[in-house]
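Generate coordinates for the entire structure from the input sequences, incorporating the hints supplied.
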Amino acid sequence: MPKTLFEKVWENHIVKPQTADTPAVLYIDLHLVHEVTSPQAFTLLRERGLKVRRPDKTLATMDHSTPTTPRNADGIIPVLDTQAAFQLDFLTKNCQEFGVPLYSLGTENQGIVHVIGPEQGFTQPGMTIVCGDSHTSTHGAFGALAFGIGTSEVAHVLATQCLLQNKPKTMAIRVDGRLQDGVTAKDIILAVIAKIGVGGGTGYVFEYMGEAIRSLNMEGRMTICNMSIEGGARAGMIAPDETTFEYIAGRPAAPKGEAWERAVADWRQLPSDDGAVFDAEVSLDANTLVPMITYGTNPGMGMAITDRVPDPDSVKDISERIALDKALRYMDLQPGQSLIGKPIHVVFLGSCTNSRISDLRQAAKLLRGRRVADNVRMMVVPGSQRVKAQAEAEGLDRIFKEAGAEWREAGCSMCIAMNGDQLKPGEYAVSTSNRNFEGRQGKGGRTFLASPLTAVATAINGVITDPREMLEREVAY
Amino acid sequence: MKPFKAFSGTLAPLPINDIDTDQIIPARFLKVTDKNGLGEACFSDWRYESDGTPKSDFVLNKPEYKGATILIGGNNFGCGSSREHAPWALMGAGFKAVISTYFADIFRNNALKNGLLPIVVDEETHRQLISLAQEDPQTQIKVDLEAQMITLPDGRTVEFPIDGFSKYCLLNGVDQLGYLLSLEDAIVEYESTHPARVNTTQ
Numbered sequence: 001m002p003k004t005l006f007e008k009v010w011e012n013h014i015v016k017p018q019t020a021d022t023p024a025v026l027y028i029d030l031h032l033v034h035e036v037t038s039p040q041a042f043t044l045l046r047e048r049g050l051k052v053r054r055p056d057k058t059l060a061t062m063d064h065s066t067p068t069t070p071r072n073a074d075g076i077i078p079v080l081d082t083q084a085a086f087q088l089d090f091l092t093k094n095c096q097e098f099g100v101p102l103y104s105l106g107t108e109n110q111g112i113v114h115v116i117g118p119e120q121g122f123t124q125p126g127m128t129i130v131c132g133d134s135h136t137s138t139h140g141a142f143g144a145l146a147f148g149i150g151t152s153e154v155a156h157v158l159a160t161q162c163l164l165q166n167k168p169k170t171m172a173i174r175v176d177g178r179l180q181d182g183v184t185a186k187d188i189i190l191a192v193i194a195k196i197g198v199g200g201g202t203g204y205v206f207e208y209m210g211e212a213i214r215s216l217n218m219e220g221r222m223t224i225c226n227m228s229i230e231g232g233a234r235a236g237m238i239a240p241d242e243t244t245f246e247y248i249a250g251r252p253a254a255p256k257g258e259a260w261e262r263a264v265a266d267w268r269q270l271p272s273d274d275g276a277v278f279d280a281e282v283s284l285d286a287n288t289l290v291p292m293i294t295y296g297t298n299p300g301m302g303m304a305i306t307d308r309v310p311d312p313d314s315v316k317d318i319s320e321r322i323a324l325d326k327a328l329r330y331m332d333l334q335p336g337q338s339l340i341g342k343p344i345h346v347v348f349l350g351s352c353t354n355s356r357i358s359d360l361r362q363a364a365k366l367l368r369g370r371r372v373a374d375n376v377r378m379m380v381v382p383g384s385q386r387v388k389a390q391a392e393a394e395g396l397d398r399i400f401k402e403a404g405a406e407w408r409e410a411g412c413s414m415c416i417a418m419n420g421d422q423l424k425p426g427e428y429a430v431s432t433s434n435r436n437f438e439g440r441q442g443k444g445g446r447t448f449l450a451s452p453l454t455a456v457a458t459a460i461n462g463v464i465t466d467p468r469e470m471l472e473r474e475v476a477y
Numbered sequence: 478m479k480p481f482k483a484f485s486g487t488l489a490p491l492p493i494n495d496i497d498t499d500q501i502i503p504a505r506f507l508k509v510t511d512k513n514g515l516g517e518a519c520f521s522d523w524r525y526e527s528d529g530t531p532k533s534d535f536v537l538n539k540p541e542y543k544g545a546t547i548l549i550g551g552n553n554f555g556c557g558s559s560r561e562h563a564p565w566a567l568m569g570a571g572f573k574a575v576i577s578t579y580f581a582d583i584f585r586n587n588a589l590k591n592g593l594l595p596i597v598v599d600e601e602t603h604r605q606l607i608s609l610a611q612e613d614p615q616t617q618i619k620v621d622l623e624a625q626m627i628t629l630p631d632g633r634t635v636e637f638p639i640d641g642f643s644k645y646c647l648l649n650g651v652d653q654l655g656y657l658l659s660l661e662d663a664i665v666e667y668e669s670t671h672p673a674r675v676n677t678t679q
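Protein chains in written order, with this note's numbering: chain C, 1 to 477; chain X, 478 to 679.
Hint data in this document are derived by calculation from the structure and do not stem from the laboratory.
Note that the Cβ used here is the ideal one computed from N, Cα and C, for glycine as well.
Among the hints, erroneous ones may be present.
[Said to hold, decoys possible] Heads up, simulated EDC-like pairs for lysine to aspartate or glutamate below, C-alpha to C-alpha not over 20 Å straight-line: (1) C:K443 to X:D522; (2) C:K51 to X:D640; (3) C:K326 to X:D534; (4) C:K365 to C:D332; (5) C:K443 to X:D534; (6) C:K443 to X:D528; (7) C:K16 to X:D511; (8) C:K424 to X:D528; (9) C:K169 to X:D640; (10) C:K16 to X:E601; (11) C:K326 to X:E526; (12) X:K479 to C:E392; (13) C:K316 to X:E526; (14) X:K644 to C:D21; (15) C:K342 to C:E246; (16) C:K16 to X:E517; (17) C:K16 to X:D522; (18) C:K51 to X:E601; (19) C:K51 to X:D652; (20) C:K443 to X:E517; (21) C:K424 to X:E526; (22) C:K51 to X:D522; (23) C:K167 to C:E47; (24) C:K316 to X:D599; (25) X:K512 to C:E47; (26) C:K167 to X:D528; (27) C:K326 to X:D522.
[Stated by the list, open to error] Coverage of chain C stretches by chain X, computed from C-beta distances (three or more under 8 Å per stretch; other residues unrestricted): (28) 56 to 65; (29) 198 to 207; (30) 218 to 228; (31) 391 to 402; (32) 459 to 469.
[Claimed, not checked] Pulled from the structure, derived: some chain C residues nowhere near chain X, Cβ distances all over 10 Å: (33) R174; (34) D176; (35) V277; (36) F278; (37) K443.
Shown next, in the form of structure tokens:
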């Protein structure tokens with residue numbers, strides 16, 4: 001029987017099949033750990049006298065509560081928040097005691113958990129990857145089955161390298177056609193979520209397919225899979241292909257020599273078979289897609305940047321109408337309003353969605369020779385120390401700084417706003433991150449989610465701007 | 478974990494769709510290394526003014542809903558972040574069950590592992606329960622996990638789904654880690670036939 005990519009990976013990791021009484025027991029190939037969702041799990045192991053079963057399949061980093069402020073003269077990034085400092089120290093202690101490798105704050109490989117896995121070559125096709133973080137779906141870009149788990153499950157994986165899982169359903173998300181200039185992977189995923197809603201993928205694993213997905217580089221594919229959870233799906237996958245193999249080849253943890261040849265041969269077997277059946281299917285036309293932006297307080301409240309804010313009165317479902325009305329009140333937006341031209345306070349370029357080198361290159365290209373508007377604070381937060389070093393080697397940091405943007409240390413930063421990087425109440429931000437929930441980027445802050453190009457164009461003009469306008473001007477010069 | 482026993486309780490209605498875990502427990506409260514104190518921060522931004530005084534119009538601050546043990550939210554409760562701090566905070570705030578038309582996957586898993594019962598009901602029942610709780614905050618409903626049933630004040634019963642394994646674990650106060658640990662032989666067997674894909678310690 002023809003199988004989907006998901007089914008192949010799922011079946012290859014069954015330790016014990018699902019029965020009427022028990023969920024399937026799924027083996028986990030790679031467990032990523034960070035400081036915020038692991039402390040209580042390590043404590044549980046300690047209380048029960050358990051070891052980390054496979055430290056060699058576990059990797060910890062520091063990213064969520066870490067400052068992105070400059071280093072001291074001695075190269076140390078100071079952690080002034082005592083609670084964050086304690087949490088980070090606790091991770092260090094736990095990793096030392098249980099033998100888990102750790103990328104400590106400020107060291108050369110440290111960064112956002114979903115940036116470092118692929119960067120080091122740990123993320124590979126056909127693997128199962130979990131982390132106590134819902135954006136673990138990012139790693140699905142490589143054809144891995146990757147999803148976020150809670151802290152109890154973090155303890156399960158630490159202790160047994162296994163998880164109890166009921167088999168999810170599958171949804172094919174087909175994006176055919178070609179993206180126009182100024183339209184990016186971020187716009188594809190914002191359009192998908194606007195179409196299906198934040199709960200549309202609940203119970204499903206997505207597989208993204210079609211010409212527009214195939215033509216994306218790995219970083220664009222990661223941007224797409226990253227936000228699967230914003231459509232309610234725990235995981236999103238893309239079949240591995242030459243683009244995938246090329247990205248992985250030569251990375252520190254990638255297979256070498258004969259092992260590489262064998263691995264690639266295996267990976268070529270992973271794509272969904274012709275005739276494989278999905279439980280649901282959604283399609284989108286890339287040809288007609290334009291830059292997207294959110295207007296509300298969840299990632300499903302998104303629209304083409306050229307559209308107008310919808311009117312709650314036009315929404316039939318009562319609970320949806322109430323939700324939209326509540327969102328517009330929080331955002332202080334009017335029905336029928338265009339967002340283009342709206343003044344904003346902050347532009348945040350970063351997060352596990354859009355902080356990789358290609359995001360920074362794209363942003364710097366548009367910003368080169370221009371300036372961030374006087375009324376705007378622009379923060380650029382690279383996804384990892386390696387991304388930061390690469391960007392500095394290419395001189396991108398200079399472009400950002402000369403334009404008046406802040407060039408920061410690596411971390412989650414203002415995406416989750418638990419490290420001091422945050423909006424003030426009432427401020428508007430255009431953000432390349434993944435969540436526009438109330439208060440997500442700081443209590444009372446208001447977030448418009450968009451692509452790096454839209455974010456930069458907005459930073460330059462100080463008001464929300466369709467980036468295509470600037471690309472056209474570039475051509476005209 | 479304590480065994481989950483049948484109970485009767487009052488409902489706190491929060492009929493808002495897509496309540497995300499950032500609302501249930503904002504990220505700035507996640508810098509803890511234990512599970513304590515999260516109840517007070519539950520729904521912090523909806524519950525308190527910026528100076529810390531309770532907002533009188535928020536359901537959890539209304540005297541008539543004090544002591545509610547069942548939260549009834551809108552559709553797609555618990556979406557967003559995987560933080561298990563969300564069920565810890567809800568339990569810290571006194572809730573034993575949450576009712577919705579459907580739950581986000583990760584939240585539901587996290588709730589079940591902590592003895593917070595996610596109860597899925599049809600839209601009609603959902604509307605009725607919200608109305609009942611709004612009209613009479615003293616409305617008691619009975620939650621019986623063994624029978625997978627809630628009982629409304631008029632005696633009407635509504636069944637709810639739950640997977641057999643989670644039900645068994647909740648009813649017996651068994652944590653799921655114990656079960657996984659008991660599968661050591663099967664795990665060893667799997668590892669012997671599936672070489673490691675990566676080695677993070679090299």
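Next on the checklist: Next pair to validate is K16 (chain C) with E517 (chain X); report whether the Cα-Cα distance is within 20 Å.
Outcome noted: violated (41 Å)
Item to check | Restraint status (C-alpha distance of K51 (chain C) to D640 (chain X) at most 20 Å) | outcome: violated (29 Å)
Next on the checklist: Checking one constraint from the list: CA of K479 (chain X) to CA of E392 (chain C), max 20 Å. Satisfied?
Outcome noted: With Cα atoms ~54 Å apart, K479 (chain X) and E392 (chain C) exceed 20 Å; violated.
Next on the checklist: Against the 20 Å threshold, does the CA-CA distance of K443 (chain C) and D534 (chain X) hold or violate the hint?
Outcome noted: holds (19 Å)
Checklist entry - Is the Cα-Cα distance between K16 (chain C) and E601 (chain X) 20 Å or less? => result violated (39 Å)
Next on the checklist: So if I understand the rule, the pair passes when the alpha-carbon distance is 20 Å or less; does K167 (chain C) with D528 (chain X) pass?
Outcome noted: violated (46 Å)
Item to check | 20 Å limit on alpha-carbon distance, applied to hinted pair K169 (chain C) and D640 (chain X) | outcome: At roughly 16 Å apart (the allowed maximum being 20 Å), D640 (chain X) and K169 (chain C) satisfy the hint.
Checklist entry - Just checking, V277 (chain C) versus chain X, shortest CB gap more than 10 Å? => result holds (22 Å)
Item to check | Coverage of the stretch 56 to 65 of chain C by chain X (three or more Cβ within 8 Å) | outcome: Coverage by chain X holds here, the residue count being 6 at a Cβ distance below 8 Å.
Next on the checklist: Need the status of pair K365 (chain C), D332 (chain C): alpha-carbon distance at most 20 Å?
Outcome noted: violated (33 Å)
Next on the checklist: For a C-alpha distance cap of 20 Å, please report whether K51 (chain C) and D522 (chain X) respect it.
Outcome noted: Distance of about 39 Å is beyond 20 Å: violated.
Checklist entry - Within the stretch 391 to 402 of chain C, is the number of residues with a Cβ closer than 8 Å to a Cβ of chain X three or more? => result Coverage by chain X is violated for the stretch 391 to 402 of chain C (0 residues, Cβ < 8 Å).
When held up to the earlier numbered hints, the structure conflicts with 2, 4, 7, 10, 12, 13, 15, 16, 17, 18, 22, 23, 26, 30, 31, 32 and 37 and fits the remainder.
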